[in-house]
Each structure stands twice: as C-alpha cells, then as structure tokens.
Amino acid sequence: MSLGSITERAPGAGPSTAKWIGWTVAALTIWGVVYSQLVPFSQWVVAQTPVDPKSHLGEAISFFAYDTPKVLMLLTLVVFGMGVVRSFFSPEKTRALLAGRREGVGNVLAASLGIVTPFCSCSAVPLFIGFVSAGVPLGVTFSFLIAAPMVNEVALGLLFGLVGWKVALTYLAFGLAIAIISGWIIGRLHLEHWLEEWVRNLRSDAVELPQEELSVVDRIKAGIDAVKEIVGKVWPWIIAGIAAGAFIHGYVPSELLASIMGRDVWWSVPAAVLLGIPMYSNAAGIIPVVEALITKGAALGTVLAFMMSVIALSLPEIIILRKVLTVRLIAVFVGVVGTGILAVGFIFNALFS
Amino acid sequence: MKQVKILGPGCKRCAATVEMVQTEADRLGVPVSIEKVTDYAAIAGYGIASTPGIVVDGKVVHAGGLPRPDDLARWLAA
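Residue numbers (our numbering), protein chains in the order written: chain A, 1 to 353; chain B, 354 to 431.
Keep in mind that the hints were calculated from the coordinates and are not lab data. There may be inaccurate statements among the hints.
Think about it this way: if two alpha-carbon atoms lie no more than 30 Å apart in a straight line, the pair counts; the simulated DSS-like pairs of lysine-lysine are [unchecked claim]:
id, chain 1, residue 1, chain 2, residue 2
1, A, Lys233, B, Lys412
2, B, Lys389, A, Lys233
3, A, Lys166, B, Lys365
4, A, Lys221, B, Lys389
5, A, Lys221, B, Lys412
6, A, Lys19, B, Lys412
7, A, Lys19, B, Lys389
8, A, Lys93, B, Lys355
9, B, Lys355, B, Lys365
10, A, Lys323, B, Lys358
11, A, Lys323, B, Lys412
12, B, Lys389, A, Lys323
13, A, Lys296, A, Lys228
14, B, Lys358, A, Lys54
15, B, Lys358, A, Lys19
16, A, Lys323, A, Lys70
17, A, Lys233, A, Lys70
18, B, Lys412, A, Lys54
19, A, Lys228, B, Lys389
20, B, Lys365, A, Lys221
21, A, Lys233, B, Lys365
22, B, Lys412, A, Lys166
23, B, Lys355, A, Lys233
24, B, Lys355, B, Lys389
Sequences and hints are given; from them, build the entire structure.
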C-alpha cells in the first residue's frame, strides 16, 4: 500500500473537494429554478398544440407535459440524496447491528435500516443467507427484506411530490409497521426448519471488512452514480406510468372509478392486493398511476394497497427467494405480508374520508 | 501471481467487477488469476452479505457494489 493513495483520499482536503461541493450547490440551485417553472412550461406546451386545453386530450397532454419533467426531477433529487445517505451504510454494517438482536427491538431496527441500507433485489439471496447464517434471527431478516423494497426513496419521494406529504408519511409509517409486524410474526412462528436444508446447515462468520474511508467527494459521486443507475433504469417505466396516468386523467370517467375503487366497495381492497402480486413494476411506474386514480375518486387505501402489493409482493422476487425458502415458508411470507397490506388498505379507507 | 476471486451469483455488476480487476491488473502489470464464485453457499462461506465481493489472496477486501479503481490498484499492489 502506498502512502500517496491514503493522503489523496483524506476527507475534506484539497481544492477539488471545494470544486465538487460548489458544483453540487450550483446544480441544486438550477434544479430549484427549473422546478419552479414547470407549471408555466406545461401550459405553454398545451398552448403550442391546436388542442382545446379543456378537452379530454388537452387535459391528458397537460398532465403528461407537467408530470413527466416534475417526476423525473423529483426522482433525480431524491435518488441523489439517498445515494449520499446510503454511502454511510452497507449490508455488512447493518448485519453487524442486527446479529443476535432479540425479536421486537430487532424487527424495528431491521425495518428502519431497510430504508437506508443499499439493497438490490439481485443481491437478495446472498443477503438473506449472509444475515441468517451469521446469527440474525429469521424474523428480523424478514423485517429487513420486507421494508427494503417497500419503503424506498423512490416510492416516498414520488408520493411526497405527487400526492402530498401526509400520504407519504402515512405510507412510511404503515410500510414500516407491516415490515415490523410481519417479521415479528414470522419469527414467533419459529419456521427455521422451513428454510431450505442447505441454508439451515450453513454457519458462517461475518467477515471484518477493511474500512473503506469515503471522502465528501466520494459520497457526492455515490449520489451521482445512484442517479445514473436508478433514474437511468426506471425512466421508461415512469414515462409509461405517466402516459397511463394521463389517459386516466383525460378519459376515464370519475364515476366509473369511484364505483370500482371507491370507499364503499369493500371487496376492492382484497381485489387490489391480489391484482398487485403478479404485476411487477417499481414505485416509479406505479405512482403516477396512483396519483391519477386518487384524483379520479378512487379510495386512497385501495390504491395504496394496490401499490404496496405491486412493490412488496413481486413474483420475480418470490422466485429468487425460492432458492433459499421452501414453498411453505414462501406461502407464510406472502400470507402474512398480504394480510398486513389488506389491513392497511382498510385502515386508510376508514381514516381518510 | 495474485489469486483474485469475484463472489457473485452472476449479476451484471459481478461481470463488470471481473473486467475492472482484469483491466486494473493489466494496467499495473500484475499477473492475476481471476476466479468467479457463483455458488450461494460458497459465497456465504466468505461471510459477506452483499455482492459482488472481492477476495484477494484469500482475504475479503470488498463487498457490495463496484469497487473504486484506486482501491483495486491498492489491493492488487499490496
């Protein structure tokens, strides 16, 4: 190891750090200015077309022209922020915090860490085995695995921007509650013997990773990388989601939605959960649709239950987890989480009227 | 000869990591033998919880996400 490589990365040193911070501040300022001009921009776009702004098509176009840049900009900001925050966490650090924890406290901690720990569904299996084999209780591991995809920055950021902070906060609270309670229940059921046998027999010692010192510049770069990766991957979903939302805005009559997804239709919540399981989208694609549904009179609880089901109970993730979980354990997992989402749907519908 | 193992179930980033290690080793002129470890149980045996992981001469040096090139150079040169 050469000394040069250490001094080069001393945190907060050198003119390049100041330059990076300066550029970041400048970029954030430009972001704010552009964002504040979006409404006039969308009106201008509709004015450029020969379409009557009051017509169905006019409303659809204006929704699309306003929401596309708005959602993409919000997403970029939130993903950048979370990218920086996540550079302070890693699955290994989280595991060290959770290993040997008692249930209860462990579930709460795991669900909360699920929000900030960098996690990609492609690494769900190594993470699951890495947690369980190093002494994190099964139920606590599940709390983490439920919270990580469901309560993520994309979902929260978009809900906040499109539907409002009250709904975003409630979603956060209920998402965490589902992860905590579902994990706790799975832990209480003592289903360790329903893991695949090779996983059960695995014991490993958590590795002590050499500390990778990150400078401010590294963390800003981590944020930029996150934007490149996440926004780069989900933007087609967003456009598709907004297009679907624009269609709903312009063409779907409110009475129709209210009669199918309204508060008085009790079966709409279970139907939304069932419908959501085989659907695979991410928060980015589903939230513009959520917003359009809500403004058209669909009940909030029903819509959120649908959204949670789409995000938290996805078929691809279940197939991946099948490598480590027996079918029986997967059934329990889907059953417990599905019931939680159902409860959230009904509670929401009762609360927000 | 440096023995480098890349731990990962075969995701895109794992393949990218293999390339980064090879490129960096070529640049530094360090002879390496790179082995991909894709078996879940074997990966877990190294005690990591996120992939891709990098093992250099039997020691885990990295887990989760792409490594930084200057870190790679440090691990390969050590």
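Okay, the hints, checked on the actual structure:
1. For the suggested pair lysine 233/A and lysine 412/B, the alpha carbons sit about 33 Å apart, so the restraint of at most 30 Å is broken.
2. Our distance criterion of 30 Å between C-alpha atoms is met by lysine 389/B and lysine 233/A, whose separation comes to about 26 Å.
3. A distance of roughly 38 Å separates the Cα atoms of lysine 166/A and lysine 365/B; the hinted pair therefore is violated under the 30 Å criterion.
4. Of the supplied pair hints, the one linking lysine 221/A and lysine 389/B holds, its CA atoms being roughly 28 Å apart against a limit of 30 Å.
5. Of the pairs offered as hints, the one joining lysine 221/A and lysine 412/B holds, with about 27 Å between alpha carbons and a cut-off of 30 Å not exceeded.
6. The hinted pair formed by lysine 19/A and lysine 412/B fails the criterion: a straight-line CA distance of about 36 Å is larger than 30 Å.
7. Using a Cα cut-off of 30 Å, the hinted pair lysine 19/A and lysine 389/B is violated, with the two alpha carbons roughly 39 Å apart.
8. Note on lysine 93/A and lysine 355/B: the hinted pairing holds, with a Cα-Cα distance of about 28 Å set against a maximum of 30 Å.
9. Taking the CA atoms of lysine 355/B and lysine 365/B, the gap is about 24 Å. The hint holds against a cut of 30 Å.
10. Pair hint lysine 323/A plus lysine 358/B holds up; C-alpha atoms about 23 Å apart against a cutoff of 30 Å.
11. With a C-alpha separation of about 27 Å, the suggested pairing of lysine 323/A with lysine 412/B holds against the 30 Å cut-off.
12. For the suggested pair lysine 389/B and lysine 323/A, the alpha carbons sit about 20 Å apart, so the restraint of at most 30 Å is met.
13. Restraint check for lysine 296/A and lysine 228/A: the C-alpha separation of about 33 Å exceeds 30 Å, so the hint is violated.
14. The suggested pairing of lysine 358/B with lysine 54/A is violated, with an alpha-carbon distance near 62 Å, which exceeds 30 Å.
15. Proposed proximity of lysine 358/B and lysine 19/A is contradicted: the alpha carbons are some 37 Å apart, above 30 Å.
16. For the given pair, lysine 323/A sits about 40 Å from lysine 70/A by alpha-carbon distance, which is inconsistent with the 30 Å threshold.
17. Taking the CA atoms of lysine 233/A and lysine 70/A, the gap is near 17 Å; set against the 30 Å cutoff, the hint holds.
18. For the given pair, lysine 412/B sits about 66 Å from lysine 54/A by alpha-carbon distance, which is inconsistent with the 30 Å threshold.
19. At most 30 Å may separate the alpha-carbon atoms for a hinted pair to count; lysine 228/A and lysine 389/B meet this at roughly 26 Å.
20. Restraint check for lysine 365/B and lysine 221/A: the C-alpha separation of about 20 Å stays at or below 30 Å, so the hint holds.
21. At most 30 Å may separate the alpha-carbon atoms for a hinted pair to count; lysine 233/A and lysine 365/B meet this at roughly 13 Å.
22. For the given pair, lysine 412/B sits about 48 Å from lysine 166/A by alpha-carbon distance, which is inconsistent with the 30 Å threshold.
23. Among the hinted pairs, lysine 355/B with lysine 233/A is inconsistent with the structure: their alpha-carbon atoms are about 35 Å apart, more than 30 Å.
24. Our distance criterion of 30 Å between C-alpha atoms is met by lysine 355/B and lysine 389/B, whose separation comes to about 14 Å.
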